[in-house]
Each structure stands twice: as structure tokens, then as C-alpha cells.
Amino acid sequence: MKQTNKYIPFSPKEAKKTSPLHVVLTAWFCGCTVGLFFLPQIKAYIHTADDDEIVEVADTLQTPPTTSEQTSSKKTVPLPSPNINETTSSKQHVLPTTIPQRVLLIGSSSMKSDLGALLAQSLRKQELYVYRHAKVGSGLARPDFYNWMEILPDLIAAHTPDLVIVQFIGNDCQSLIMPNGSLKAKYGTEEWDKAYEERLTSLITLLHQQGIRITFLGMSNVQSSVFRKKLKRSNSIIYSVASKHNAPFISLWETTSSTRGSAQQQIVVNSIPKRMYQEDGIHLSRAGARMVAQDVFTQLKQLYDWTLP
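Positions 134 to 442 (my numbering) are the ones given, in order, by the sequence shown.
Derived from the structure by calculation, the hints contain no laboratory data.
For each residue, glycine too, the CB sits at the ideal point set by N, CA and C.
Warning: the hint list may mix true and false statements.
What the hints assert, rightly or not - Straight-line Cα separation of at most 16 Å, EDC-like style, residue types lysine to aspartate or glutamate; simulated pairs:
1. LYS365 with GLU412
2. LYS377 with GLU387
3. LYS317 with GLU330
4. LYS362 with GLU412
5. LYS434 with GLU324
6. LYS258 with ASP438
7. LYS317 with ASP287
8. LYS317 with ASP277
9. LYS319 with GLU283
Said to hold, decoys possible - DEER-style ranges, computed between Cβ atoms:
10. GLY394 with TYR264: 34 to 40 Å
11. THR231 with GLU324: 35 to 41 Å
12. GLY321 with SER390: 20 to 26 Å
Produce the complete structure using the sequences and hints provided.
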């Protein structure tokens, strides 16, 4: 029986000609199909990248970090939102004297990482409702990047806190920008001091108008002497404004400073030396955050009469 030769020579005459348009359309269709199939994974990757713990030093931050989120959110309830340019007094608001049971923690990278997580853990052991919302690189200086005065009313509506614990400061040591991106006040000027006091007062008033108490956490010491000077100034302004409006201020400075006033380098845990800070010299290590969180929690228990061990 005669065998058929399966190795037939290629004949250019028999090859079909493929048009460039056909190639482009095929590639576009395949790309769309693959994109739709992996859409959940792509969204998850973008969200994870947006929450990256690595944040630039505040005094070198000239543009906001790249983000996939909108810089503002629509209010779901008609809660009052003081103008970010105006100073309003909260002294007339009578705050409750009951023991807080619902706590909202807000802040930036420190609140998002170990310090915030460990503090929330300790608070939950008091049988409290605790919700933590943090945005890396945020503060009161850059509402064009992340506008806390618009976002906070939504958090209040969703979680109905009777106490809000706030820590920004580190990202606020820069020029103040308006929500539309224009310059409000240049850092290091008297205008900056006044404008920053106004933003702090507006934040306090927003909460006090709802009968919600607020407690500020100061910023820990840092290894950079230049940044340290800026933080001491901001800590001082926040302490002054908080004192005027019956808002407690818990300092982290003494806990994280050496006897010479510089940032403490090490702590000893179970006879083992541990680093106080991460490599950047700004953010606390896990061991450092645990020590600071315990100190903050002890002061909060005294302030608000939480009695569980």
C-alpha cells in the first residue's frame, strides 16, 4: 500500500495572506478577554499598592503619592463640616462624661502599621468597639491628596464613635495646600502656624458638635535632627490648640527620646536589645511600637476610666 507523505513542502502560493488590521483586532480582542478574566486580581493589586507602607519623609513630600482613590468622598449624611479656612470655637459644646465604648482610630502610616494595630488590639481587650482607618502620607496639610474633613463625616456615620483618637503631625510638616491644589501657607511662616491652628480647630469642632470626644497622639522622636525640629514645633502647636478645646494630648516624645534629647536607638525586651526604629529612622520598629502602644494605652485607661486589665 502506498504511503502518503505527511511532510508536504510549504508552498507560498497556498499560504493565506493576513492583513495588518486583522492582527490588530485579534490582539485587541485577546487583550480585553485576558483583562476581564484577571480584573479582580488587577484591582486587588492596585489596592495593595495604594496601601504601601513605604512613605516619604514629610519635609521632602512635594507631591502626593500616586493613588487610585478619589481625593474626596460624597457625604452620606448631612453632618456639619467646618470650613477648612475658618476658625470655630468648640468651647460651647458640652461633651458627655460617660465612659467611651466606641473608638475610631485615624491617622497615617504609624496608625496603619504596628502602632495602630497594637493599640487597637489593647482597646478591644477592654470590650470596646474599635475601628481603625488610616491613609499613608495623609494629614491636615494636603486635603488635595486626602481630605479628612470630607471623609471623617462618613466614618462617623458608619461607626458612630464616642471617641476619636488622632495621629497625623509627621506629614503636616510642609506647606499647607487647599483642596483645589493652591497654596494656603508656606511652611515655617507665621501664616502657616495660624492656618494650621485653624485646621486643627475645625477638626475638633466637627467632632465636638456631634458630642464626640477627641484625643491627639503626638509624634515620636526621629533620628533626623532637621525633621526633629519640625516635629517639636508641630507637637507644640497641636498641644496648645488641644488644650484650648478640652482635647487631651498624649505625648510620645519622652518615651522615644534618649537622655540627650535625640531619638532612642534601642530598647531591651526580655534582656535582649531591640531596635527602636525601622531603617528610615522615623517609623517605630515592632518592638518600639509595642512599647509606645502600651504607654499610650495606659494613659488612655486613666483618661477614660477603662477598668479591664
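Taking the hints in turn, this is what the structure says about them:
Between the alpha carbons of LYS365 and GLU412 the distance comes to roughly 21 Å, so the proposed pair goes past 16 Å and is violated. Restraint check for LYS377 and GLU387: the C-alpha separation of about 22 Å exceeds 16 Å, so the hint is violated. Proposed proximity of LYS317 and GLU330 is supported: the alpha carbons are some 13 Å apart, at most 16 Å. As the CA atoms of LYS362 and GLU412 are separated by approximately 20 Å, the hinted pair breaks the 16 Å bound.
Only pairs whose Cα atoms come within 16 Å are accepted, and LYS434 paired with GLU324 is rejected, the gap being roughly 37 Å. Among the hinted pairs, LYS258 with ASP438 is consistent with the structure: their alpha-carbon atoms are about 14 Å apart, no more than 16 Å. Only pairs whose Cα atoms come within 16 Å are accepted, and LYS317 paired with ASP287 is rejected, the gap being roughly 25 Å. For the proposed pair LYS317 and ASP277, the alpha carbon gap of about 11 Å is at most 16 Å, so the pair holds.
The hinted pair formed by LYS319 and GLU283 fails the criterion: a straight-line CA distance of about 23 Å is larger than 16 Å. For GLY394 and TYR264, the Cβ-Cβ distance of about 36 Å falls inside the hinted range of 34 to 40 Å, so the restraint holds. Separation of THR231 from GLU324 is about 40 Å and conforms to the stated range, judged on CB atoms against 35 to 41 Å. Range check, GLY321 to SER390: Cβ separation about 23 Å, and the 20 to 26 Å hint holds.
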